[in-house]
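K.L.:
In this note's numbering, the protein residues as written are 74 to 262.
For the record, the hints were derived by calculation from the structure and aren't laboratory data.
In this text, all values refer to a predicted model and were calculated from it rather than measured experimentally.
The hints are all genuine.
Capping the alpha-carbon separation at 30 angstroms, the derived lysine-lysine pairs in DSBU-like fashion look like this:
no., residue 1, residue 2
1, Lys-197, Lys-136
2, Lys-110, Lys-135
3, Lys-110, Lys-197
4, Lys-239, Lys-110
5, Lys-110, Lys-216
6, Lys-110, Lys-136
7, Lys-235, Lys-110
8, Lys-235, Lys-197
9, Lys-135, Lys-197
10, Lys-197, Lys-216
11, Lys-216, Lys-135
12, Lys-239, Lys-216
13, Lys-135, Lys-235
14, Lys-239, Lys-136
15, Lys-235, Lys-136
16, Lys-197, Lys-239
17, Lys-135, Lys-239
18, Lys-136, Lys-216
19, Lys-235, Lys-216
Okay, the calculated beta carbon distance ranges per label pair:
no., residue 1, residue 2, range
20, Thr-247, Asn-166, 11 to 21 angstroms
21, Thr-257, Gly-84, 55 to 65 angstroms
22, Gly-223, Ser-174, 13 to 23 angstroms
23, Val-77, Asp-227, 51 to 61 angstroms
24, Met-74, Asp-222, 56 to 66 angstroms
25, Glu-146, Val-85, 20 to 30 angstroms
26, Lys-239, Trp-76, 54 to 64 angstroms
27, Ser-178, Ile-86, 32 to 42 angstroms
28, Val-81, Gln-253, 51 to 61 angstroms
29, His-254, Thr-120, 15 to 25 angstroms
Ideal Cβ placement from N, Cα and C applies to all residues, glycine included.
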Amino acid sequence: MRWVIGVVVLGVICWLGWAPLRALLFGGRISYANSPKGQWVGEIEITGGYNANMPGYTWPHKKAAIAFTLSVEDRFVDRYGGSGELFLQGEANAHPIRIGSFDVSPVVQDMQNGKPVYNGQRVKMVLHILNPSNSADDPYEIKGQYTPDGIIFDPDDSGDLKLQGKIQRGNNQTYNQIRQHLMTAAPNP
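Work out the full structure, taking the sequences as your base and the hints as a guide.
P.N.:
Structure, rendered in structure tokens:
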């Protein structure tokens, strides 16, 4: 019986220590300078792909302010996640969001002498817009182009929610300025 308890305790210790040990041994594939970790803000246009029947929302909207903070979820596979909010023009309050499975991957443009030639990086993320009870609604997959300074969303990408625009590294002050601008500007048709 004691050996069973010992095995269970050893298993729990290994399970708890695996993530820090894995990060120490393997590290991440993206350098810290290029890491998406941090706060992102911007004004975006929503051009389609949303669930018009979500309770508590007055769709359709075209313009929105978005802000979220990413942190490392799994350094071994360069996966990030975080939380933030989405302010839809024409609504009084912002909606909480959760970002999951934020992945950055290089784009192979061509092969040259048997080696890949990279042309930028792509980003894929899952956006959860939380409903009024703070539980996640249907997740939306969003794709775009990634640089360390910005993310460009293209509505022609095959993601679920069609976003257009660019977000950049920022802070709460920048987000509040964008939000204030959307509150005072006339909603677009």
